[in-house]
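Going line by line, the protein sequences match chains A and B. Take the first sequence: its position 41, counting from 1, is numbered 1510 in this note's numbering, and each next residue is one higher. Take the second sequence: its position 130, counting from 1, is numbered 131 in this note's numbering, and each next residue is one higher.
Where hints are given, some of them may not hold.
[Claimed, not checked] Here chain B is said to cover these stretches of chain A; the calculated rule only asks that three of the stretch's residues, wherever they fall, bring their Cβ under 8 Å from a Cβ of chain B:
{"#": "1", "stretch": "1694–1701"}
{"#": "2", "stretch": "1756–1768"}
[As the list claims (entries may be wrong)] Dumping the calculated DSS-like pairs for lysine-lysine here, alpha-carbon to alpha-carbon at most 30 Å:
{"#": "3", "chain 1": "B", "residue 1": "LYS53", "chain 2": "B", "residue 2": "LYS140"}
{"#": "4", "chain 1": "B", "residue 1": "LYS11", "chain 2": "A", "residue 2": "LYS1574"}
{"#": "5", "chain 1": "B", "residue 1": "LYS193", "chain 2": "A", "residue 2": "LYS1574"}
{"#": "6", "chain 1": "B", "residue 1": "LYS193", "chain 2": "B", "residue 2": "LYS140"}
{"#": "7", "chain 1": "B", "residue 1": "LYS140", "chain 2": "A", "residue 2": "LYS1589"}
{"#": "8", "chain 1": "B", "residue 1": "LYS11", "chain 2": "B", "residue 2": "LYS140"}
{"#": "9", "chain 1": "A", "residue 1": "LYS1589", "chain 2": "B", "residue 2": "LYS11"}
{"#": "10", "chain 1": "B", "residue 1": "LYS53", "chain 2": "B", "residue 2": "LYS193"}
{"#": "11", "chain 1": "B", "residue 1": "LYS193", "chain 2": "B", "residue 2": "LYS11"}
In short, the hints are calculated from the structure, not lab data. If you're wondering where the values come from, they're calculated on a predicted model, not measured in any experiment. Ideal Cβ placement from N, Cα and C applies to all residues, glycine included.
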Amino acid sequence: MQRERSTAAERTAPTTPSGTADILLDDAARTSSIGAAMRQLFGSWGYGEVIPPIFERVETLLAGGIHPDWMVRFADPGGDALALRPDFTTQIARVVATRLREQPKPLRLFYVGSVVRRPKPSVGRRAEFAQAGIELVGSSEPTADAEVVAIAIEALTGLGIDDVQVHLGQSAFLRGIIETTRLLDADVRGIEELLDRRDRAALERRLADLALPARCAQRILACLELCGGDDILDRAATLVDSRTSEAALANLAHVCATLRDYGLEDRIVIDLAEVRGLGYYTGLMIEGFSRSLAAPILEGGRYDDLVGRFGHPCPAIGCALDVARIASVLASREAPPPRVDALVRYRPQQRAHAFALAASLRTQGRCVELEVADRTEAEATAYARRRGIVEVQTVGADGTRIVDVASDTVGGGTPWID
Amino acid sequence: MDRLTIAVPKGRLLAPTLDLFARIGLAAEYAEDSRALVVPSGDGRVRFLIAKPMDVPTFVEHGTADLGVVGSDILDEEPHDVLQPLDLRFGACRLVLATPHDAATAPLARHAVHRVATKYPNTAARYFARRGLQAETIKLYGSVELAPSTGLSALIVDVVQTGATLRENGLVVIDEIATTSARLIADRAAHKIRFAEVDGLIRALSEAVTC
């Protein structure tokens, strides 16, 4: 087999695979602290953590409705087709239907971790990214829908994203309208595609070509405008006469009323124009945005069919926070995280003393590095300046000498000669 | 609140694009010899980014621009996750398969591998696959008409407006692959977060295009 030739530079500077990245230092700290905050918050609402495997059988993922194009696949030595997890929800549905089957319902679960998807060809797509999410299993009540939305909003505002806007859709609304048309699946997909592009003119033409009754065509076209405040529900109600759509609107009204009692009505936008996820979600659809980012930072919805595919029919709703995108929003707003407070250096004879000093500073909540290189105070100070370390403390026989790195002045302790 | 940002394409679509926005009251303060790449509208309500046509969908997909104007030839060539709410109808062109005059009468042989030079390799590959023909596409960035005369490839896939350039280079159209025109595209998130503003602008443009 002939190998691709690579330049010397490529050989010496390996890069990560397309769609992946090393998350380093401050960014990594931010990412983990989001995870920690989410664990704390989800726990406080009574949710328990699930850590599923990082890969899963392809057949399990397919049964869960994951599109094959999403999966990064490989085979184990026995020839089983496996894929890195593209999504936690399918794994949690499997867990709920099998190992947690006997648990009393409602069952509240959460997860924090990375998912891996084959990146789409368009620019800037990610192959691996961190998520934190919750699943509320065993209740089909609108109060369960509202709880999931409320926790998500509390999570985002708690992290400092104060402009969260959550769009709520209802997959049964459009399904109810389309059911009454008795169109072929291919035609329905064509209509959904045009709705997804928000191409009003092309949709009008397509509906005319399909010779739908005028009233029905008007309803479908009207969906494009059903985005806004509470009044959208009233407008939508005048459009429909199918029981499926009416039930969808009743559910949304109930969810909104519940969120009002959580004090979150200002965060909510009703969005009945969204068609993405129609094939997957069976009820409420959730999408959350911050104005500082051109992509959703929260996605989820109700999937009452999913757990049943693993043999234990059971309603469920969940949502996932996009930790990577949230971290990028926070990075654009936050001051840099705290620096290292001190570098402690010492003569071999004073080593135990230096370790005790470092330990005592750490118990005071300060962040301390110990010297592991053989260098002069001037060299150590130059290093500290580049690292943003505040002080260099040198432990000598007669006490500790402290150099303030920013001003290069000596304070405290007695002189100590290198 | 920030102004809406609209990415508009340099080149032949720029004048009709700015003209359309002027008709809905958003005239760009743009002088033709200007090198400015960010131009406000006269009333300051929006700003225009003057971008290479190929880059317009990228600016919109990343949310750097809320809306954009771009030829459907470019949208068909590279997939971008953007809304396409409106066919603006101007800038109409045809995407065609062309070959030198003397070769035009022979049908494309099914057993051969056809070499085709084009700025649109993905669109061309899809076209040949649809016809059940094998093709090797060669990506060029301009002057595609050079390919047949220099022996690079007998076939080209390119956009033609009047056909004059093809004729001058001794080429004839043997098939039309698609008709193209300028499209309005929108960032998905902006369309949600700023629905009233973005949808209002789309409606105003829609009316301006129809009348």
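These are the hints, each one checked on the structure:
Remark: the stretch 1694–1701 of chain A is confirmed as covered by chain B, as 3 of its residues place a Cβ nearer than 8 Å to a Cβ of that chain, reaching the required three. For the stretch 1756–1768 of chain A, the stated coverage by chain B holds: 7 residues have a C-beta nearer than 8 Å to a C-beta of that chain, and at least 3 were required. For the hint linking LYS53 of chain B to LYS140 of chain B, the alpha-carbon distance of about 18 Å falls within 30 Å, and the restraint holds. Between LYS11 of chain B and LYS1574 of chain A the CA atoms are separated by roughly 60 Å; this puts the pair beyond 30 Å, and the hint is violated.
Under the criterion of a C-alpha separation no larger than 30 Å, the hint pairing LYS193 of chain B with LYS1574 of chain A is inconsistent with the structure, at around 35 Å. Note on LYS193 of chain B and LYS140 of chain B: the hinted pairing is violated, with a Cα-Cα distance of about 37 Å set against a maximum of 30 Å. Taking the CA atoms of LYS140 of chain B and LYS1589 of chain A, the gap is near 21 Å; set against the 30 Å cutoff, the hint holds. With a C-alpha separation of about 21 Å, the suggested pair LYS11 of chain B and LYS140 of chain B falls inside the 30 Å cut-off, and the hint holds.
A threshold of 30 Å between alpha carbons decides the hint, and for LYS1589 of chain A with LYS11 of chain B the separation of about 27 Å falls inside it, so the pair holds. With a C-alpha separation of about 26 Å, the suggested pair LYS53 of chain B and LYS193 of chain B falls inside the 30 Å cut-off, and the hint holds. Distance check on the hinted pair: LYS193 of chain B and LYS11 of chain B sit about 28 Å apart at the alpha-carbon level, within 30 Å; holds.
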